[in-house]
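Once you've looked at the hints, dock chain Y against the given chain A.
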Amino acid sequence: MPFSDSIIFAQFVSGLSRAMILFIMASGLTLVFGVMRVINFAHGSFYMVGAYLAYTVTQMLAGPIGFWAAFIIVPILTCILGGVVEVVLLRRIYEKEHLLQMLLTFGLVFVFSDAVRMIWGVELRMVSLPPYMAGSVNLLGHQFPAYHLFILGLGVAIALAMWLLLNRTNFGKLVRGAAEHREMVGLLGYPANRLFTIVFMMATFLVGLAGAAIAPAVRISLGMDTDIIAECFTVAIIGGLGNVWGALLGALIAGMFYSFGILVLPKYAMAFIFILGGIVIVLRPNGLLGKTSQAKV
Amino acid sequence: MRSGNTFFHRFLVAVFLLAPIIPISPETCRAEPPIKIGVIDAFTGGAAYTSKLALYGWQMVADEFNARGGLNGRKIEIIARDDKFKADEALAQARELVLKERVDFLAGVMNSSGALAVSEFAKSKKKLYMAHSAYAHRITGEMGHRYVFRSCPTAGVQGKAQGFYAATKPFKRWYIIGDDYEHGHSVAESFIKGLKQKKPDVVIVGEAWPKVGETDYTPYLSALMAQKPDAVYGAWGGSAHVPFTKQAKMFGLFDKIPYLAGFLGDPIFAKVLKESYPVGAYTGNSYLWYYPATPANKEFVKKYMDYAAKKGDINAYPAEASFGGYMGARFLTEAILKAKSAKTEDVINALEGLTLETAAGPLTMRACDHQTMYSYYIGEIAPVPGYPFPILKDIMTVTAKEVTPSCEEIAALRKARK
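If you read the sequences in order, they're chains A and Y.
For what it's worth, the numbering used here labels the leading residue of the first sequence as 32, then goes sequentially.
For what it's worth, the numbering used here labels the leading residue of the second sequence as 2, then goes sequentially.
Only chain Y is shown next, with the shape it has when bound in the complex:
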């Protein structure tokens, strides 16, 4: 080797050895360690359109928290991971987030089975897990524990509220159709219980449980209509609404038979279904962007839509999923500030019983079961002047107290499980 090359090689080696110093600026030396929150959800696949809304909520709150200086300079860092709507994948991601990324908190998981798995894992690692879009009542019911919290409603509460509403209508012969998985069955069960409680003479004339992800409901629709029920209840998880409603409209179902289903009032469905949107059908949500039209709600809607627009999502009215994610983030950050600490045990103690003023009025994270107490707003889909798509009219409010199981009931369920 010639001497010139040797010098050059030594120079290169020196550069490579010194390169790692470059990212270490005075700023990064002084920074406080971030508070890491691992948000796991179905960011790909059929459920992605709704999990991204919940993530908007987390990011909005994190940005605000960090802008206000964080916790003594400690800022929130959100690490989002995809679970592909699979329980085993969610658990694997949770493991990696806790053991490798060393997150301070876990959140997310729309798939209820995944949420249960992550919840058990969080309990074993003594990490706080905030479920924000999984509705199975077991999560904060018999499978609940100190380390799991839920910022969205339960299928039990919503189903029962829907049952109470249905009891105010004159329909006696009901047909039930829904997604064949935990959520569908649990919400239908609660619906029937709530309905029969207020209207004991009701009869269920038939049931149908197409598989999750079914694309062709034709045989179900033809069988349903041939039964000629007084009314139909749809126990759908969410995305089934699109093909089912489209096909039901083609069958002329909504012209002939009254239809009640949860989640249908989601602004996404109004947008996507357009002329297939079932005006005249009944539905409800635990959060509505237009009702009650309080200043707090209007402010939240504006903030949310501005944020979504920045992400490229124009005219994105907040859905219940958005609100669940947002409230999860708000409860967690407010608890951190209240406890003046990001340590799990301190935050848990601060969270229990915490009441926040929100766009949906005051919401409490109940201490006995770590479940947020939501009311339910249910009514009839109708075009209302001044609104970009049909919304609910004649809204009936079912308060959290009427439909939430008591602390004693929850305690009994958990005890029985042991």
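Chain A on its own, in the form it takes in the complex:
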């Protein structure tokens, strides 16, 4: 296939927009692991709940108002749901072994999946875009969906907001400290439990936002929770679990690999990111941006 400049540009832009979606999702996942050392398999389930809630909101409030309302209401709802899950369930297992935590979040996947099916049924659902978002925009002779550019902007905004939060606030300092050395935070007198609840709620807020943002562009169906989770984890691992910028880097790599991969080796494009994940785990287990492990006393 001839690689003209224009096709390279086209794939670059679409790779970026794909990366943003992955980043919004993986950032929450990586934060939860970094601070709480919990592998949240149910991350994809919150995403699915977010997408279905966006459907319900847009059904109740028609038109562009419903669309924007979903962006505000849905993350708040998933945030609250996350808070409930954390306080009622996760908190009881922090001191227990990793395996128990994984089993619990894994079990949550089934619970959420059935709950969604019972509430919304098995029908395919769809969220509509306001007309000014539904068209395409011309960039250097290529048509791109206006909505994907919006998601790109959203991803950048979230990345900036996270940077401000983590680097310019006391709370952010706390989160970074906890990600690096959990026990120390408790020893310094900060209530670790409350910190964990807030971090988990942040993560579920983000992933609910991702669900609401992506809902108009994809199929909202019962398989959503598991479809995305593998890539999400891989992106977080590549970047370094616990490192939000790692999630951004991992997402960019994943997006670009995929976008250009399908031109070069279409049958294997999907595997690239997982192969890279494997290489990273072997050569640099803490991820590309993760610190090399410190000896724990």
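I should point out that these hints are in silico values taken from the structure, not numbers from a laboratory.
Owing to the predicted nature of the structure, the values given are computational and were not obtained by experimental measurement.
Careful: at least some of the hints might be erroneous.
Said to hold, decoys possible - Which residues of chain A face chain Y? A partial, calculated answer using Cβ under 7 Å: (1) Q42; (2) R250; (3) S252; (4) I293; (5) M301.
As the list claims (entries may be wrong) - SDA-like mimics (lysine to any residue), calculated; alpha carbons at most 25 Å apart, straight line: (6) Y/K87 / A/M301; (7) Y/K275 / A/G166; (8) Y/K170 / Y/M397; (9) Y/K272 / A/P95.
By construction, the Cβ of each residue, glycine as well, lies at the ideal position given by its N, Cα and C atoms.
Coordinates of chain Y only, in the frame set by chain A:
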């Protein structure tokens, strides 16, 4: 223990011992054993919205069969099991249904790999298996045998018919994109074969095979459009239509490049996609609820919609999946009545070559390969006044004879496999 308590305890024990008698009424004593049909399908997960339609078909036919008195008083009992669209799960359910529930017949399994697994199992247990929504041609092709029947079309037949239709259009440079699994590849292969047979100067300028369940087609769409093909063929299994069509619309694909894909005319997609529904694109089905508009078709549509409405599904126009399930049930029940028996060997003999009058005209279950002979209706999506959503116009009918492999070809395939 005081004596009062002892009496009370004895009384309780007596009640518990006698309780099992209660459900045994004179009626249940006299009842004939039911004819059990195990219907396995993906009732949860992403494919659930379509497997439930096929089940409606089974339940409709079973209700009618039972209302008419069944087979000498023997009524049909449908046992539905979920396979989660997984082949190993389908096989496990089939095993349980046959060995524990002792079903008389097996049916269902939309996932073609699952269908193949259940088919082999049915052969080993000498149970009749009616596939009603799995399209891979191998099922009644080289992997077919005495115990498997199929009441829905094959990907081979549909792809080839689509190819014939595409050959009537002036497009020369085609781009193929589809789901990366058995169905996608097999329908694309048949499409290219059919197209090149009628229009040899056609060129395939590119191919893309995103994974099944992909949600973000953006990189594929940008690459596709940068190639500037004359036309695009979508080899999708079904549910991929929603995200792909939505995203393709956002890219402006349908305004620039003609698009042909199977299953897009399904009433579900028209409903779900709403303003993203690609008017002007080409698609087809082996069953259309509005064409041909025969009295038999109209009657079926009304019956089906009434039944679905009772289940809470309003305005549910029958889709091809509905019809596949319905025909599976009809073929099986008519064969049972014809054979006057529910024994597997008798029913198989009655099924072979059976022709039924249906909403889609006369349909035959071919004896040599146990495959229902379907025609294909293909046309352009357009809003037509009087219809609730866009339907097909300028419909071309490709008859079963034109695109179905002959008995000799099937026999050769099966022989080569041994």
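Original post:
Are Y/K272 and A/P95 close enough, with their CA atoms no more than 25 Å apart?
Top reply: holds (20 Å)
**OP:** Below or equal to 25 Å on CA atoms is what counts here, so check Y/K275 against A/G166.
**Re:** With Cα atoms ~15 Å apart, Y/K275 and A/G166 stay inside 25 Å; holds.
**OP:** Could you check if A/S252 really has its C-beta closer than 7 Å to a C-beta on chain Y?
**Re:** Constraint on A/S252 satisfied, holds at 4 Å.
Original post:
Regarding the hint that A/R250 lies at the interface with chain Y, is the smallest CB-CB distance below 7 Å?
Top reply: Because about 4 Å separates A/R250 from the closest Cβ in chain Y, which is inside the 7 Å limit, the hint holds.
Original post:
Are Y/K87 and A/M301 close enough, with their CA atoms no more than 25 Å apart?
Top reply: holds (21 Å)
Original post:
Would the hint on A/M301 stand, with a C-beta cut-off of 7 Å toward chain Y?
Top reply: holds (5 Å)
Original post:
Against chain Y, is A/Q42 within 7 Å by beta-carbon distance?
Top reply: Since chain Y brings a Cβ to about 6 Å from A/Q42, closer than 7 Å, the hint holds.
Original post:
Under the criterion of a CB-CB separation shorter than 7 Å, is A/I293 in contact with chain Y as hinted?
Top reply: With a closest approach of 6 Å, the A/I293 hint holds.
Original post:
When you check the alpha-carbon spacing of Y/K170 and Y/M397, does it fall within 25 Å?
Top reply: Roughly 12 Å between the alpha carbons, so the hint for Y/K170 and Y/M397 holds.
Consistency with the previously given hints is maintained throughout, with no hint failing.
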